[in-house]
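*Asks:* From first to last, the protein sequence lines stand for chains Z and Y.
Counted the way the numbering used here counts, the first sequence spans residues 22 to 125.
Counted the way the numbering used here counts, the second sequence spans residues 22 to 125.
No lab work stands behind these hints: they were computed from the structure.
Please read all numbers here as calculations on a predicted model, not as lab measurements.
There could be a bad hint or two in this list.
Chain copies aren't distinguished; within one or between two, either way the pair holds.
Stated by the list, open to error - Cross-link-like lysine-lysine pairs, in silico, PhoX-like; alpha carbons within 20 angstroms at most: (1) LYS23 x LYS110; (2) LYS23 x LYS94; (3) LYS24 x LYS94; (4) LYS23 x LYS57; (5) LYS110 x LYS24; (6) LYS57 x LYS94; (7) LYS94 x LYS110; (8) LYS57 x LYS110; (9) LYS57 x LYS24.
Protein chains: 2
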Amino acid sequence: MKKINLYDENDFNDLHMSRFLVHDSPYFKILNFNFKGGQELPIHSHDIEGQVSIVILEGVGEFLSEDGTLPAKAGDVLVSDISEPHGIKARTDMRVLATIAPPI
Amino acid sequence: MKKINLYDENDFNDLHMSRFLVHDSPYFKILNFNFKGGQELPIHSHDIEGQVSIVILEGVGEFLSEDGTLPAKAGDVLVSDISEPHGIKARTDMRVLATIAPPI
Chain Z
22 MKKINLYDEN DFNDLHMSRF LVHDSPYFKI LNFNFKGGQE LPIHSHDIEG
72 QVSIVILEGV GEFLSEDGTL PAKAGDVLVS DISEPHGIKA RTDMRVLATI
122 APPI
Chain Y
22 MKKINLYDEN DFNDLHMSRF LVHDSPYFKI LNFNFKGGQE LPIHSHDIEG
72 QVSIVILEGV GEFLSEDGTL PAKAGDVLVS DISEPHGIKA RTDMRVLATI
122 APPI
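Construct all of the structure, not just a fragment, from the sequences and the given hints.
*Replies:* Rendered as structure tokens:
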């Protein structure tokens, strides 16, 4: 059992998205991304089995897909196949938690 | 790709913890629990392989373990083996997201 606090462990970076590895195990990988308004994780995909969940903890922005964008706000949970192109763009400062299973 | 908003989909219940199934797939199960202050998910475990992550989205309380309690607040992520006894008790109204991999 381990506990970390995202607000204590990860901050924002004016130059690029700030990435923090929360946990990595045979079962899942958990990553925290903090975006300043305007920063993004460009649309990407991996040709493997599995899914990713993306939880918006704070802020407002867009989920990116090949079909366009979906609004993203606190409390949103997006689930995507890892093989399906996905990304995020922040409009305000945004904290996001991504869980990938099985881990990449 | 699917998106849900936890604040829209799940509310609080005065009588007991409010449970909402966000997602279930071969890769992980995602559950949202809302607790009114004083409500709890009692300490429990399952004798199987896998891990659970518990993210505190809102509120204050305690993570429960066999060794005692750990304070829980917004931004905390707890990771536990599913086989290791774990639980949650809310002090204030609390929103929690649990991800179980592989799904139970």
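*Asks:* Work down the list of hints and note, for each, if the structure agrees.
*Replies:* Structure-based check of each hint:
1. LYS23 x LYS110: Classified as between; 17 angstroms across copies, 30 angstroms inside a copy.
2. LYS23 x LYS94: Between copies only: 14 angstroms across, 28 angstroms inside.
3. LYS24 x LYS94: For LYS24 and LYS94, the Cα distance is within 20 angstroms only across copies (11 angstroms; inside one copy 25 angstroms).
4. LYS23 x LYS57: Neither: 28 angstroms inside a copy, 25 angstroms across copies.
5. LYS110 x LYS24: Classified as between: cross-chain Cα gap 16 angstroms, same-chain 28 angstroms, threshold 20 angstroms.
6. LYS57 x LYS94: Only inside one copy: LYS57 and LYS94 sit 14 angstroms apart there, 23 angstroms across copies, limit 20 angstroms.
7. LYS94 x LYS110: For LYS94 and LYS110, only the intra-copy Cα distance (11 angstroms) is at most 20 angstroms; the inter-copy one is 27 angstroms.
8. LYS57 x LYS110: Intra 10 angstroms, inter 33 angstroms, cutoff 20 angstroms: intra-copy only.
9. LYS57 x LYS24: Intra 25 angstroms, inter 22 angstroms, cutoff 20 angstroms: neither.
When the structure is compared with the earlier hints, violations turn up for hints 4 and 9 and for no others.
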